[in-house]
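**Student:** Sequence:
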Amino acid sequence: MQEKPLHLVADDYGLSPGVDKAIRSLLSEGKISGTSCMTLFPEWPDAAALLMPVIEKSGAEIGLHLTLTDFMPLSSVRVMCSMRKRIAQWILGSIDKGKLHRELDAQLNAFIDVVGRVPDYIDGHQHVHFFPVVRDWLIARRDLLISPRGTGPWLRGAPDAGLASSIALRGKISIVERIASGFTSEMEAAGYRVRGPLMGFYDWRKPETFPAALQHFKENAPEGAIVMCHPGHGDALLAARDSLVDAREVEFAELMRQ
Numbered sequence: 001m002q003e004k005p006l007h008l009v010a011d012d013y014g015l016s017p018g019v020d021k022a023i024r025s026l027l028s029e030g031k032i033s034g035t036s037c038m039t040l041f042p043e044w045p046d047a048a049a050l051l052m053p054v055i056e057k058s059g060a061e062i063g064l065h066l067t068l069t070d071f072m073p074l075s076s077v078r079v080m081c082s083m084r085k086r087i088a089q090w091i092l093g094s095i096d097k098g099k100l101h102r103e104l105d106a107q108l109n110a111f112i113d114v115v116g117r118v119p120d121y122i123d124g125h126q127h128v129h130f131f132p133v134v135r136d137w138l139i140a141r142r143d144l145l146i147s148p149r150g151t152g153p154w155l156r157g158a159p160d161a162g163l164a165s166s167i168a169l170r171g172k173i174s175i176v177e178r179i180a181s182g183f184t185s186e187m188e189a190a191g192y193r194v195r196g197p198l199m200g201f202y203d204w205r206k207p208e209t210f211p212a213a214l215q216h217f218k219e220n221a222p223e224g225a226i227v228m229c230h231p232g233h234g235d236a237l238l239a240a241r242d243s244l245v246d247a248r249e250v251e252f253a254e255l256m257r258q
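Quick note: the sequence shown uses our numbering, first residue 1, plus one each step.
Rather than coming from a laboratory, the hints here were simulated on the basis of the structure.
All values reported here derive from a predicted model rather than from experimental measurement.
Warning: the hint list may mix true and false statements.
Cross-link-like lysine-lysine pairs, in silico, BS3-like; alpha carbons within 30 Å at most [to be verified]:
{"#": "1", "residue 1": "K85", "residue 2": "K206"}
{"#": "2", "residue 1": "K21", "residue 2": "K57"}
{"#": "3", "residue 1": "K172", "residue 2": "K97"}
{"#": "4", "residue 1": "K21", "residue 2": "K218"}
Build out the structure end to end from the sequences listed, making use of the hints.
**Tutor:** In structure tokens form, the structure reads like this:
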């Protein structure tokens with residue numbers, strides 16, 4: 001089967017120094033097309049200062065990785081809830097829209113304050129950008145994000161469970177696909193460009209399967225597909241903030257071999 005060039009974007013820039021260094025290396029070598037940034041951590045300004053020369057030299061895209069779970073927010077003093085609880089809030093209709101919009105504003109402003117412009121694209125940590133509360137925010141901030149000429153960030157679109165490499169993954173992807181239902185049409189109606197389908201899903205608990213997953217993406221990615229990846233080097237801060245550690249090293253090594 002013929003392989004296709006992939007539009008690979010790395011999530012989680014700003015999560016830890018090891019993750020940041022790995023992503024900068026991949027960008028410098030032209031192995032990935034862009035990275036989306038988590039702006040809610042105190043290290044963000046320094047991490048961005050290291051990233052921007054790489055972005056400018058490589059011509060890669062820099063995005064905003066909206067984050068509404070697990071971490072300390074910029075706009076409050078209480079740690080944000082888990083994804084499971086966020087989904088429950090969505091189902092029960094108990095999400096505090098004003099509170100989350102203030103946090104999204106804070107993360108966007110933190111990006112603009114350091115980078116000096118709006119992001120090239122927007123996605124979400126744990127795909128939170130698909131939630132209705134974030135869709136409402138994107139629509140409300142349209143005039144800030146999209147210029148009168150119509151230029152602005154593209155949005156990462158929904159996955160397609162039919163592209164899964166296994167039955168087990170199909171179930172996981174179907175959940176994300178369900179949350180993303182209607183996202184593309186709603187955002188395009190608001191004037192945004194939506195790119196997809198989203199690929200990049202594999203069993204992160206089995207890092208050794210990433211090379212085969214990457215090959216699957218190359219052989220099966222349809223036109224316009226966006227492939228997320230999560231490369232990184234382990235460090236103490238990453239271990240304290242995230243459970244996805246070992247797979248990041250494997251992804252980095254495999255992507256560098258491409």
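**Student:** It remains to establish, for every hint, whether it holds in the given structure.
**Tutor:** Hints versus structure:
no.: 1; hint: K85 to K206; verdict: 26 Å, holds
no.: 2; hint: K21 to K57; verdict: 16 Å, holds
no.: 3; hint: K172 to K97; verdict: 26 Å, holds
no.: 4; hint: K21 to K218; verdict: 25 Å, holds
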